[in-house]
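Protein chains: 2
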Amino acid sequence: MITIAVDAMGGDKAPVPEVEGAILAARQYGHRIILVGDRDEIHQRLDHHGFMAGGEHPIEVVHATERITMEDHAAKAARSKKGSSMHLCAHLVASGKADGYISAGNTGACMAIAKMVLGKVPGVDRPALSAVFPSHKGSPIVVLDVGANVDCEPAMLAQFGLMGQIYSRLVLKVKNPRVGLLSIGEEEHKGNALTRDVTPLLKDLALDFIGNVEGRDLFSGHADVIICDGFVGNVALKVAEGLAEMMSRMLKESLSATISSKIGYALSRSAFKDFKKRTDYSEHGGAPLLGVKGVCIICHGRSDANAIKNAVRVAGEFASSNMNQRIEEELREFAQAG
Amino acid sequence: MITIAVDAMGGDKAPVPEVEGAILAARQYGHRIILVGDRDEIHQRLDHHGFMAGGEHPIEVVHATERITMEDHAAKAARSKKGSSMHLCAHLVASGKADGYISAGNTGACMAIAKMVLGKVPGVDRPALSAVFPSHKGSPIVVLDVGANVDCEPAMLAQFGLMGQIYSRLVLKVKNPRVGLLSIGEEEHKGNALTRDVTPLLKDLALDFIGNVEGRDLFSGHADVIICDGFVGNVALKVAEGLAEMMSRMLKESLSATISSKIGYALSRSAFKDFKKRTDYSEHGGAPLLGVKGVCIICHGRSDANAIKNAVRVAGEFASSNMNQRIEEELREFAQAG
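Protein chains in written order, with our numbering: chain H, 1 to 338; chain L, 1 to 338.
Treat the hints loosely; a few may be bogus.
Here are the simulated DSS-like pairs of lysine-lysine, each with C-alpha atoms no more than 30 Å apart in a straight line [unchecked claim]:
1) K120/H - K97/H
2) K203/H - K252/H
3) K190/L - K120/L
4) K190/H - K81/L
5) K173/L - K115/H
6) K293/L - K252/L
7) K252/H - K293/L
8) K190/H - K252/L
9) K97/H - K82/H
10) K120/L - K190/H
11) K120/H - K203/L
12) K190/L - K293/H
13) K190/H - K97/L
14) K190/H - K82/L
15) K203/H - K76/L
16) K76/L - K13/H
17) K190/L - K190/H
18) K252/H - K115/L
19) K173/L - K190/H
20) K175/L - K190/L
21) K190/H - K115/L
22) K76/H - K97/L
23) K203/H - K190/H
24) K120/L - K293/L
25) K97/L - K293/L
26) K293/H - K115/H
27) K203/L - K82/H
28) K203/L - K252/L
Derived by calculation from the structure, the hints in this document are not laboratory data. If you're wondering where the values come from, they're calculated on a predicted model, not measured in any experiment.
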């Protein structure tokens, strides 16, 4: 049985969605869940859902005395708040008591703690935060790095390509993932100093490198893995979030502006739900931090119970994938060949 | 009377939307238009619309013997195809025969030719391509650079801030434009080497610098001017385009999946049109190239007649704004103060 630790004190509305998501995941996937955080608050939420400890679906509670907030300075909190729910989650994985953990807390602190407590997979220079985007057709698209490393050397991006490709293959079950380099035109000469320097390195790797892709390919399905530095990736992610929010709001306003469109809205409500589900990031279950020795999934601070549930699913799939061993082996092969 | 030259051979479907857009603009704004390109093709399209040369709305045709395509290498075409419609447009502005020009052709070639033929406004190091985004509430948002300069020095971004602020004030009529620096978090320490180095420069300028903004602020309205290097800006622009396309397609599919939602779609059609208009880039009329000595508006290759018409409007507003003189003066003041 797979065991996933859930940081119950991470998100904006913690521990409400965390506890509900954990219950849903325990029921749906049959994983063992360890909820980490303030014991009283967690038990209150479990009671609210009528969930009995020691029942059919095993959920355990581990008490944490501290909590890292969104306002905390990431590096400082990682060093000083060693009794935090985030630290305890990472230690549960490092000691083998859990197979992976998820947190919807302060992203910077979460990355710092994961690197500090779990360490890096041998051969990896810098772990990378990876976002999974829905594509119009077919399988989801992995984009990395989306915020762990803002100023990147070419060799780091080559490793991102390798890690992303393995994740796509082993966890997202894409047979032969095509790897693209995020740039500003498809032709090889179009790009900046970094993309021009990383291109020959990517060509040397044992992966299906398809060359430059553009911003629109985050959704097109032309590539299964898209690599970029963490600054560009983070901007891209937040542009997409911002636009999706604005479009939804505008569409709602436009639709309710007239009576006939109000009727139209009512009639098309089920279609809207379907659409929301297909574009909803929470369905895709958080961002895996690739390259750390263990499984760490970082969720959006605004994650609801459904997003938490899906992150637990993704953590379970990642934990059973043998992914980190593959990264270690492929990096070793590449180093020996190079 | 304002005269705008229109490159009739630029876009993907040239000269069809160019000629139609020019006619619409001549009628709606009363500008004099010079259509530049293959004389026969242009006259054929003018005839198609029953447009009489020498009629009430003055449209002139200037023949060009060459044409730059999307497949042309930008710098090479700029140097070798000196008889192209793009070159002739720039020369019409340089010689004072037109007050500005627009082109929906090869963006790279268009920027190279504008810089070559028009030259730079005194004090400007690098002209910047500027996109105008619709915001949920209030005035449109200028983002620059979106592709003219991929590897930027801090001083270049500071100039972008100044130019963008003047454009927002004089052309978009925003009273006190707030200038934001595109980064990966609002706190000053969040960013990469470039954003950290440019922050003190922006603080020294005589503008309302509000610090870092994030990708979502391209649509939020928190800033009126957003500055970034041309690589990041171009990626952001294309992420937004790609997502908007995917969402529209998905929504249509979801809505037509059931009979009741088909009825819903029919009833809400007018609302959809309103929504489309509010999010349609073509309504905002192309991307001005700021910092060249003259007025040059670059349109998307897929521009329709409406987009061309709006680009002519924007070129006219830019030409009557005294914008380039303001840039020169403010840069001189800054250089003297620094």
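How the hints compare with the structure:
1. Proposed proximity of K120/H and K97/H is supported: the alpha carbons are some 19 Å apart, at most 30 Å.
2. Restraint check: the Cα-Cα separation between K203/H and K252/H comes to about 46 Å, which exceeds 30 Å; the hinted pair is violated.
3. Restraint check for K190/L and K120/L: not satisfied, since their Cα atoms lie roughly 33 Å apart, outside the 30 Å limit.
4. Note on K190/H and K81/L: the hinted pairing holds, with a Cα-Cα distance of about 21 Å set against a maximum of 30 Å.
5. Proximity of K173/L to K115/H is assessed by CA-CA distance (about 49 Å); at most 30 Å being required, the pair is judged violated.
6. A distance of roughly 44 Å separates the Cα atoms of K293/L and K252/L; the hinted pair therefore is violated under the 30 Å criterion.
7. At most 30 Å may separate the alpha-carbon atoms for a hinted pair to count; K252/H and K293/L exceed this at roughly 43 Å.
8. With a CA separation close to 34 Å, the supplied pair K190/H and K252/L exceeds the 30 Å bound.
9. For the suggested pair K97/H and K82/H, the alpha carbons sit about 18 Å apart, so the restraint of at most 30 Å is met.
10. Proximity of K120/L to K190/H is assessed by CA-CA distance (about 24 Å); at most 30 Å being required, the pair is judged to hold.
11. Pair hint K120/H plus K203/L does not hold up; C-alpha atoms about 39 Å apart against a cutoff of 30 Å.
12. As the CA atoms of K190/L and K293/H are separated by approximately 26 Å, the hinted pair is consistent with the 30 Å bound.
13. The straight-line distance between the Cα atoms of K190/H and K97/L is roughly 34 Å, outside the 30 Å bound, and the hint therefore fails.
14. Simply put, K190/H and K82/L have alpha-carbon atoms about 23 Å apart, close enough for the 30 Å limit, and the pair holds.
15. Between K203/H and K76/L, the direct Cα distance comes to roughly 27 Å. Compliance with the 30 Å bound is thereby established for this hinted pair.
16. Among the hinted pairs, K76/L with K13/H is inconsistent with the structure: their alpha-carbon atoms are about 57 Å apart, more than 30 Å.
17. Under the criterion of a C-alpha separation no larger than 30 Å, the hint pairing K190/L with K190/H is consistent with the structure, at around 28 Å.
18. For the proposed pair K252/H and K115/L, the alpha carbon gap of about 44 Å is over 30 Å, so the pair is violated.
19. Straight-line distance between C-alpha atoms of K173/L and K190/H comes to about 35 Å, which puts the hinted pair past the 30 Å bound.
20. As the CA atoms of K175/L and K190/L are separated by approximately 29 Å, the hinted pair is consistent with the 30 Å bound.
21. Taking the CA atoms of K190/H and K115/L, the gap is about 19 Å. The hint holds against a cut of 30 Å.
22. For a cut-off of 30 Å, the pair hint linking K76/H to K97/L is broken: about 62 Å separates their Cα positions.
23. Annotation: proposed proximity of K203/H to K190/H holds, straight-line Cα distance about 16 Å (limit 30 Å).
24. A distance of roughly 5 Å separates the Cα atoms of K120/L and K293/L; the hinted pair therefore holds under the 30 Å criterion.
25. The suggested pairing of K97/L with K293/L holds, with an alpha-carbon distance near 14 Å, which does not exceed 30 Å.
26. Note on K293/H and K115/H: the hinted pairing holds, with a Cα-Cα distance of about 8 Å set against a maximum of 30 Å.
27. Simply put, K203/L and K82/H have alpha-carbon atoms about 37 Å apart, too far for the 30 Å limit, and the pair is violated.
28. A C-alpha spacing of about 46 Å is found between K203/L and K252/L, which places the hinted pair above 30 Å, so the restraint is violated.
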